[in-house]
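Chemist: Chain by chain, the residues:
Protein chains: 2
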Amino acid sequence: MKHPDALRIVLVGIGKIARDQHVPTIAARDDVQLVATVSRHGTVDGVPAFQTLEEAFAAHPQIEAVALCTPPVGRHALAQSALAAGRHVFLEKPPAATLAEIDDLRVIARQAQRSLFTSWHSRCAAGVEPARQWLAGKQLVRVHITWKEDIRHWHPGQDWILEPGGMGVFDPGINALSIVTHLLPRPFALRKATLHTPSNRQAPLAATLTFADTDDVPVTAEFDFLQTGHQCWDIAVETTQGALVLSEGGAKLHIDGVAHSVPAASEYDGLYARFVQLVRAGESEVDTTPFVHVADAFLLGERQVAAPFAW
Amino acid sequence: MKHPDALRIVLVGIGKIARDQHVPTIAARDDVQLVATVSRHGTVDGVPAFQTLEEAFAAHPQIEAVALCTPPVGRHALAQSALAAGRHVFLEKPPAATLAEIDDLRVIARQAQRSLFTSWHSRCAAGVEPARQWLAGKQLVRVHITWKEDIRHWHPGQDWILEPGGMGVFDPGINALSIVTHLLPRPFALRKATLHTPSNRQAPLAATLTFADTDDVPVTAEFDFLQTGHQCWDIAVETTQGALVLSEGGAKLHIDGVAHSVPAASEYDGLYARFVQLVRAGESEVDTTPFVHVADAFLLGERQVAAPFAW
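Residue numbers (our numbering), protein chains in the order written: chain A, 30 to 340; chain B, 30 to 340.
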């Protein structure tokens with residue numbers, strides 16, 4: 030049963046992430062309500078479906094907020110329309126196709142006095158907050174990220190990921206960066222990167238990255254989108270007082286090799302709780318740090334041509 | 030004759046831009062004084078030369094500020110050392126190799142209570158301020174940038190420009206972007222880009238870019254690093270009340286086809302005047318907007334392979 034003041038939401042882009050995460054999360058929470066969907070093809074059973082935001086707003090003027098689950102290229106125009114129409118905006122990750130687009134949206138949201146939320150779902154994984162607390166005050170030695178998954182399994186046929194702006198292996202990799210930028214006590218910056226791009230595609234399927242934080246602690250990463258067998262989303266942090274491993278995308282935490290109990294948590298439940306909180310407080314949360322690191326990798330990275338890719 | 034309170038500067042990276050611009054500008058101003066240089070190979074007649082910043086500081090502890098003219102990759106480490114040693118920092122454009130590096134330096138400068146200046150020399154070109162004033166309040170229709178120069182003439186043998194982080198044609202192109210971000214009333218964001226990179230190099234030698242501002246005014250750009258014959262650094266702005274052309278990199282201004290008189294101005298004289306002002310006021314000026322657009326172009330740009338390049 031929904032609370033009478035539940036935030037009335039239209040979900041845009043009914044693809045994999047909307048079906049897998051947004052729809053069930055909204056259904057389970059009593060403080061958000063799915064009023065309509067906007068999508069070229071996808072629909073949600075029992076929910077009115079529209080082709081454009083404007084049609085949805087016209088039919089359901091009580092809509093208060095828009096959650097954008099479309100691919101990043103084109104998201105800026107939708108967010109701009111939503112804000113101009115007086116609606117709050119929840120952005121899936123990455124928040125837009127370019128950094129300047131987010132800077133724009135930040136200004137537009139402020140002028141419209143509406144909430145803008147750049148969501149980073151991996152930051153809400155169960156192990157992240159306990160890991161952050163354990164790390165506080167400890168002296169870092171090195172950090173290593175291993176983010177290796179099979180694009181064919183997790184993104185079957187999603188060609189946009191390999192097109193310009195789709196970011197390739199940085200689409201999952203930015204999840205790791207969103208955790209690490211939240212976890213570590215100091216900012217870090219890219220020093221060197223290698224990007225491996227298939228000869229017949231625009232976006233890299235693998236990358237190696239070397240960052241350093243402001244105290245010169247090395248932060249390294251290996252991203253691979255062609256991993257078969259064991260899928261790996263691990264962050265290892267070595268300190269002078271022990272070592273921490275966040276695995277399964279942040280869901281599991283080990284300290285010095287011993288499993289550390291973490292509270293039950295659903296990433297998208299955490300995001301929607303935060304979004305409702307922002308809207309009710311009249312605030313925005315716009316953090317582009319993970320996306321800056323991706324842009325930096327494209328800017329500074331050495332490009333190597335890899336074998337052609339086919340699904 | 031130097032003023033007794035002239036800002037005592039060490040110049041790092043005695044290459045083309047240092048010799049062509051920084052050294053004569055510092056010599057001509059009475060409020061800055063060149064105390065030493067640091068460079069692997071280059072020296073300036075009559076000025077003590079060192080191999081490292083640390084040696085220069087040890088020999089001349091009265092040095093107050095560091096101007097960094099080295100290539101962008103590696104500049105962050107030098108700036109960090111200088112700030113940690115209590116010196117103010119003047120950064121040539123682009124200010125660093127990555128956006129995260131500048132974010133770092135901003136924090137480090139604040140903690141060190143020293144001035145950090147991201148210089149954009151083209152903004153000090155003679156026609157820019159009159160153009161900005163003429164545009165204020167006018168309604169834009171479209172903006173087009175044509176930035177075409179011969180790399181072999183202007184950057185002979187400077188291989189770093191074509192290496193990762195060297196930015197290729199965006200090394201001159203960022204000058205156009207620094208003017209336009211300063212000139213236009215609203216922010217703009219990249220929508221589409223094509224980058225042409227020689228098969229034997231890492232950085233693009235040509236690019237076409239399509240931006241839109243927050244009112245959907247198109248801002249387009251053509252960058253070419255292989256232009257022979259007439260060299261072209263033009264910005265054309267069409268408004269509902271007439272058209273403006275900034276040419277020769279911002280030095281000349283035409284309005285509706287008629288030459289508009291502009292005050293005499295030297296770009297680097299303007300930069301050093303601003304730097305001294307910032308240092309004396311205890312302030313920093315860190316504007317990364319032009320660099321964000323370049324990172325966005327690398328992030329979103331479609332890559333096309335072009336013919337191999339040789340000097």
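Just so you know, these hints were derived from the structure itself, not from any lab.
Beta carbons: idealized from backbone N, C-alpha and C, even for Gly.
A couple of the hints might just be wrong.
List time: in silico DMTMM-like cross-link candidates among lysine to aspartate or glutamate, alpha-carbon distance up to 25 Å [said to hold, decoys possible]:
no., chain 1, residue 1, chain 2, residue 2
1, B, Lys122, B, Asp253
2, A, Lys167, B, Asp188
3, A, Lys122, A, Asp245
4, A, Lys122, B, Asp253
Some chain A residues close to chain B (C-beta under 7 Å, calculated; not the full set) [stated by the list, open to error]:
no., residue
5, Asp49
6, Pro53
7, Ala56
8, Ala126
9, Leu128
10, Pro216
11, Ser228
12, Thr243
13, Pro247
14, Glu251
15, Val321
16, Leu328
17, Leu329
18, Glu331
19, Ala335
20, Ala339
Chemist: So, for every hint listed, does it hold in this structure?
Modeler: To see whether the hints hold, each was checked on the structure:
1. For the hint linking lysine 122 (chain B) to aspartate 253 (chain B), the alpha-carbon distance of about 19 Å falls within 25 Å, and the restraint holds.
2. Of the pairs offered as hints, the one joining lysine 167 (chain A) and aspartate 188 (chain B) is violated, with about 42 Å between alpha carbons and a cut-off of 25 Å exceeded.
3. Distance hint between lysine 122 (chain A) and aspartate 245 (chain A) is unfulfilled; the C-alpha atoms sit about 28 Å from each other, more than 25 Å.
4. Our distance criterion of 25 Å between C-alpha atoms is broken by lysine 122 (chain A) and aspartate 253 (chain B), whose separation comes to about 34 Å.
5. Annotation: interface hint on aspartate 49 (chain A) violated; nearest CB of chain B at approximately 26 Å, more than 7 Å.
6. The closest approach between the C-beta of proline 53 (chain A) and any C-beta of chain B is roughly 32 Å, which is over the 7 Å cut-off, so the hint fails.
7. At about 35 Å, the closest approach between the beta carbon of alanine 56 (chain A) and any beta carbon in chain B exceeds 7 Å, and the interface hint on this residue is violated.
8. Checking alanine 126 (chain A) against chain B by beta carbon gives a least distance of about 6 Å; that is within 7 Å, so the hint holds.
9. Nearest Cβ of chain B to the Cβ of leucine 128 (chain A): about 5 Å, under the 7 Å cut. The hint holds.
10. Residue-level restraint check for proline 216 (chain A) holds (minimum Cβ-Cβ distance to chain B is 6 Å; threshold 7 Å).
11. Hint status for serine 228 (chain A): violated, given a least beta-carbon distance of 9 Å to chain B, over 7 Å.
12. The restraint placing threonine 243 (chain A) at the interface with chain B holds, with a minimum CB-CB distance near 5 Å, inside the 7 Å limit.
13. Given the 7 Å rule on beta carbons, the hint for proline 247 (chain A) is violated: about 14 Å separates it from the nearest Cβ of chain B.
14. The closest approach between the C-beta of glutamate 251 (chain A) and any C-beta of chain B is roughly 18 Å, which is over the 7 Å cut-off, so the hint fails.
15. The restraint placing valine 321 (chain A) at the interface with chain B holds, with a minimum CB-CB distance near 5 Å, inside the 7 Å limit.
16. Look at leucine 328 (chain A): its Cβ gets to within about 5 Å of chain B, closer than 7 Å, so that hint holds up.
17. Proximity of leucine 329 (chain A) to chain B holds as hinted, the smallest CB-CB distance being about 5 Å (cut-off 7 Å).
18. Because the closest C-beta pair between glutamate 331 (chain A) and chain B is about 4 Å apart, less than 7 Å, the hint holds.
19. Interface hint status for alanine 335 (chain A): violated, as the beta-carbon distance to the closest one in chain B is roughly 14 Å, over 7 Å.
20. Among the interface hints, the one on alanine 339 (chain A) is violated; its C-beta lies about 19 Å from the nearest C-beta in chain B, farther than the 7 Å criterion.
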